[in-house]
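Peer 1: Listed here are the chains, written in short residue letters.
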Amino acid sequence: MSTTSGATSSASKPASTRAKPANKAEAAADWADGRLGIYTLAKSNLRKIFPDHWSFMLGEICLYSFIIIILTGVYLTLFFKPSMAEVVYHGPYTPLDGIRMSEAYASTMDISFEIRGGLLIRQIHHWAALVFVAAMLVHMMRVFFTGAFRKPREINWVFGFLLLVLGMFDGFFGYSLPDDLLSGTGIRFMEGAILAVPIVGTYIQMFLFGGQFPGTDIVPRFFTIHVLLIPGIMLGLLVAHLILVFYHKHTQWAGPGKTEKNVVGMPLMPVYMAKAGGFFFLVFGIISAISAIATINPIWAYGPYRPDQVSTDAQPDWYMGFSEGLIRIMPGWEISVWGGHTLNLGVMVPLAIFPLVLVAIAVYPFIEGWITGDKREHHILDRPRNAPVRTALGAAWISLYLVLLVGGGNDLFATHFHLSLNSITYFVRVGFFVVPVIVFFVTKRWCLGLQRRDKEKVLHGRESGVIKRLPHGEFVEVHTPLAAKDLHTLTAHEQHQPVELAAATDENGVARKAGVLAKTRAKLSEGYFGEGGQIVKPTAEEFREIESGHGHH
Amino acid sequence: MSHDISEENLPESHGDSHGHAVAVHDDPFADPGLPVHEPRRTDIDERAAKRAERQVSLMFVISMLATIGFIASYVIFDIDKIVYIFPLGHVSALNFALGLTLGVALFCIGAGAVHWARTLMSDHEIPAERHPIEADDEVRADVIEQFRTGAAESGFGRRKMIRNTMIGSMALVPLSGVVLLRDLGPMPEQKLNHTGWQVATPQKPLQLINVNTNEPMKPEDVIVGSLTFAKPEGLEEEAEDFQVQIAKDALMLVRIAPDDIKDNESRDKGFEGILAYSKICTHVGCPISLYEQQTHHALCPCHQSTFDLADGARVIFGPAGHPLPQLKITTDEQGFLVATGDFDEPVGPSFWERKR
Numbered sequence: 001m002s003t004t005s006g007a008t009s010s011a012s013k014p015a016s017t018r019a020k021p022a023n024k025a026e027a028a029a030d031w032a033d034g035r036l037g038i039y040t041l042a043k044s045n046l047r048k049i050f051p052d053h054w055s056f057m058l059g060e061i062c063l064y065s066f067i068i069i070i071l072t073g074v075y076l077t078l079f080f081k082p083s084m085a086e087v088v089y090h091g092p093y094t095p096l097d098g099i100r101m102s103e104a105y106a107s108t109m110d111i112s113f114e115i116r117g118g119l120l121i122r123q124i125h126h127w128a129a130l131v132f133v134a135a136m137l138v139h140m141m142r143v144f145f146t147g148a149f150r151k152p153r154e155i156n157w158v159f160g161f162l163l164l165v166l167g168m169f170d171g172f173f174g175y176s177l178p179d180d181l182l183s184g185t186g187i188r189f190m191e192g193a194i195l196a197v198p199i200v201g202t203y204i205q206m207f208l209f210g211g212q213f214p215g216t217d218i219v220p221r222f223f224t225i226h227v228l229l230i231p232g233i234m235l236g237l238l239v240a241h242l243i244l245v246f247y248h249k250h251t252q253w254a255g256p257g258k259t260e261k262n263v264v265g266m267p268l269m270p271v272y273m274a275k276a277g278g279f280f281f282l283v284f285g286i287i288s289a290i291s292a293i294a295t296i297n298p299i300w301a302y303g304p305y306r307p308d309q310v311s312t313d314a315q316p317d318w319y320m321g322f323s324e325g326l327i328r329i330m331p332g333w334e335i336s337v338w339g340g341h342t343l344n345l346g347v348m349v350p351l352a353i354f355p356l357v358l359v360a361i362a363v364y365p366f367i368e369g370w371i372t373g374d375k376r377e378h379h380i381l382d383r384p385r386n387a388p389v390r391t392a393l394g395a396a397w398i399s400l401y402l403v404l405l406v407g408g409g410n411d412l413f414a415t416h417f418h419l420s421l422n423s424i425t426y427f428v429r430v431g432f433f434v435v436p437v438i439v440f441f442v443t444k445r446w447c448l449g450l451q452r453r454d455k456e457k458v459l460h461g462r463e464s465g466v467i468k469r470l471p472h473g474e475f476v477e478v479h480t481p482l483a484a485k486d487l488h489t490l491t492a493h494e495q496h497q498p499v500e501l502a503a504a505t506d507e508n509g510v511a512r513k514a515g516v517l518a519k520t521r522a523k524l525s526e527g528y529f530g531e532g533g534q535i536v537k538p539t540a541e542e543f544r545e546i547e548s549g550h551g552h553h
Numbered sequence: 001m002s003h004d005i006s007e008e009n010l011p012e013s014h015g016d017s018h019g020h021a022v023a024v025h026d027d028p029f030a031d032p033g034l035p036v037h038e039p040r041r042t043d044i045d046e047r048a049a050k051r052a053e054r055q056v057s058l059m060f061v062i063s064m065l066a067t068i069g070f071i072a073s074y075v076i077f078d079i080d081k082i083v084y085i086f087p088l089g090h091v092s093a094l095n096f097a098l099g100l101t102l103g104v105a106l107f108c109i110g111a112g113a114v115h116w117a118r119t120l121m122s123d124h125e126i127p128a129e130r131h132p133i134e135a136d137d138e139v140r141a142d143v144i145e146q147f148r149t150g151a152a153e154s155g156f157g158r159r160k161m162i163r164n165t166m167i168g169s170m171a172l173v174p175l176s177g178v179v180l181l182r183d184l185g186p187m188p189e190q191k192l193n194h195t196g197w198q199v200a201t202p203q204k205p206l207q208l209i210n211v212n213t214n215e216p217m218k219p220e221d222v223i224v225g226s227l228t229f230a231k232p233e234g235l236e237e238e239a240e241d242f243q244v245q246i247a248k249d250a251l252m253l254v255r256i257a258p259d260d261i262k263d264n265e266s267r268d269k270g271f272e273g274i275l276a277y278s279k280i281c282t283h284v285g286c287p288i289s290l291y292e293q294q295t296h297h298a299l300c301p302c303h304q305s306t307f308d309l310a311d312g313a314r315v316i317f318g319p320a321g322h323p324l325p326q327l328k329i330t331t332d333e334q335g336f337l338v339a340t341g342d343f344d345e346p347v348g349p350s351f352w353e354r355k356r
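Sequences listed follow chains U and P, in order. Take the first sequence: its letters are residues 1 to 553, numbered as in the numbering used here. Take the second sequence: its letters are residues 1 to 356, numbered as in the numbering used here.
Treat the hints with caution; some may be incorrect.
[Unchecked claim] Covered, in the sense of this in silico footprint (three residues per stretch, anywhere, with C-beta under 8 Å from a C-beta of chain U), are these stretches of chain P: (1) 280 to 286; (2) 312 to 324.
[What the hints assert, rightly or not] Short, incomplete list of chain U residues facing chain P, as computed with Cβ under 7 Å: (3) Gly91; (4) Pro95; (5) Gly98; (6) Arg116; (7) Leu195; (8) Asn262; (9) Lys457; (10) Ala484; (11) Pro538; (12) Thr539.
Source of the hints: derived by calculation from the structure; they are not laboratory data. Here a beta-carbon is modelled for each residue, glycine too, at the ideal position from N, C-alpha and C.
With these hints in hand, go ahead and build the complete structure from the sequences.
Peer 2: This is how it looks when you write it as structure tokens:
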């Protein structure tokens, strides 16, 4: 602020001492800065540092496929008619000539066969949706297995989780819109599931469908939910997610020069603008090429929906496969309660487990934070092997997801692998309980083995492949000691101590009782970080002792 | 043997750099610091840099050509032109050409940009400081003081009546939104308990119409071991509520040699071994369409609930909770198969009010 002199002098000369813009671009930037304050905004962001690792691009794939879905989705809304009014088809696809169908189905047929490029955009939209959900799941795995969700990023983890759930449901609604035989069957499943809700099920069904199944309201209602309600919420969450990523700054792997207090990498401008911006085009290009080559959701092959018809191989898209698995493997328990009311456990139980499987992953950061009691900020990532219990839990969760996916596609597994459909279902019923437990123990042991290997490498060096004969005739393999940077990288991880219960008596000898929560926490903490939970890191003394030894390696 | 760990990289030479609350082991090997930046080939060899520049430009040029190809494809190919492309089979020429040209056009922009960033832009890693997310104690105390002042000025904590009634009103007001949703649909009433067959009476029976031929059926039309699908007389595809009706009325007719029928009640409801079951699965409502003649098993393709049609459509596998409802059938004076009433129980998936 330059002028403190009188009004007359400030009116006669420019108030700013700012340098003259060197070119048109600077002049435009100056203009915008006077209105929007862009310089202050850009100051900390233009050369913002991003660390580099291939796995950090998984989130980018999510972002870019979401943008592709919006772009192609807008195109599709220009041609799609979300109406269940009945029409008779007389289009170029002759097998359906003269067939009655809804306008929603007919306009999807038009998009596929009469609008040039329409089929391509439809395919890109659907493929991008699959890539979007898959990328979100894999991105989430990356964040989970590296411990990137720890303080200060727990809230962003929850935002990401909500995006995953909303993405899954928006996918389901979108898949239902063309009103083809497959998607109609999916909606019928939803209706049956709603009817299984005790007390209010039939009311929700009537209100949602505007009457009895299928009625004529469901497609227009789903359309609004699919293109407006859910994407709107997702856009908000996405912006919040990205703002937090910028605010927290990116996590990084341990390595020389990398600490909890810095972030090492290359600046946004120009390297990441080019890399990330370019990556958008890579993703878009690959999805376009896939869409040209591989047909997805050929609705013309299914035909329009009729409630008394169905095709075999009725499957939802893969990301809903685990809910399909739950519903397929559940025994058909139906019980009578409260004087003749029906409680349809066969559908209700899977419906209750479905959110539990999802929520398990949402609450994990808070559970782990409680067990460790760690209140510090974390910006250095854990190698998955250095957090064996967390890694094992994540792997067990994924195995549960996959087992249920097998259950959801039991008919496909039966036909493709020539297996009995019933045996697959029985296997999944048992596997639901057994497989995650086995996977947990195998993964944990695997991690501990890798930790031991790291320790061995630190203390004894790397096997060089060179065999040396000692004077007394013994053959030994020469081990090359690791470089300082590798030694640091392999031992930079922290090791938590299990939380211990306070002594049974306090300093005055008065008995204290530990609550159930405190006891649970101590037990869990022992499981996570106790003797069986991690391999103690090599110490400098051990290292020095071996190195100063007699060079026996 | 010499080791390349100098003493200053062992922890004794360093203070504890962490200072954390949770006990963890110290780093046995101290951080040697950022490694020296190593130049890439393109940083020191101008010819390599020039080559990289040409590669990047080439990709952008390919993208331009592909976009022109996209526009040309849009104009050239008819939408109904089908071509054979190995190994994809018969595909739409327009879709294939548009998708690949668009794919190449987009991919090459991305590949060019990434290659540019990797070969020619600086790859010098720079550290930037992080600042703790938490504010320092002074800021914290200041903000809390400001908030306390504001709260005191509002009298929110002091005037409990205002506070409580405000919370009450805000808790109730969303109910208006819920109530407004009431007209989304009608009340369930008895709608789920009855089907289109309910208008049939012994005096005025309804004929069973074959859904494929749209003709009424005589018992001799249904041969042993066959599965036929039927709808009630008078229900036409053109009808406004056809979808809603057929979602409940759809029948499957199976003819089983009477001696093979294990359930007496089921045999009595049929006519000379012809049994009429609801086609709608009692699990979540898919139509059942897979029939195995030898075993008399019918399987729903959605979730594989399997029903034994010879034994009152009892569930023998899968997630369905109860048998398929059976419609009592007989013949009218012209010898056509008819129904004389509705199903005894609701068809389709079960619900809270369903009486068993």
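Peer 1: Could you check the structure against the hints above and give me the numbers of any it violates, in ascending order?
Peer 2: 3, 4, 5, 9
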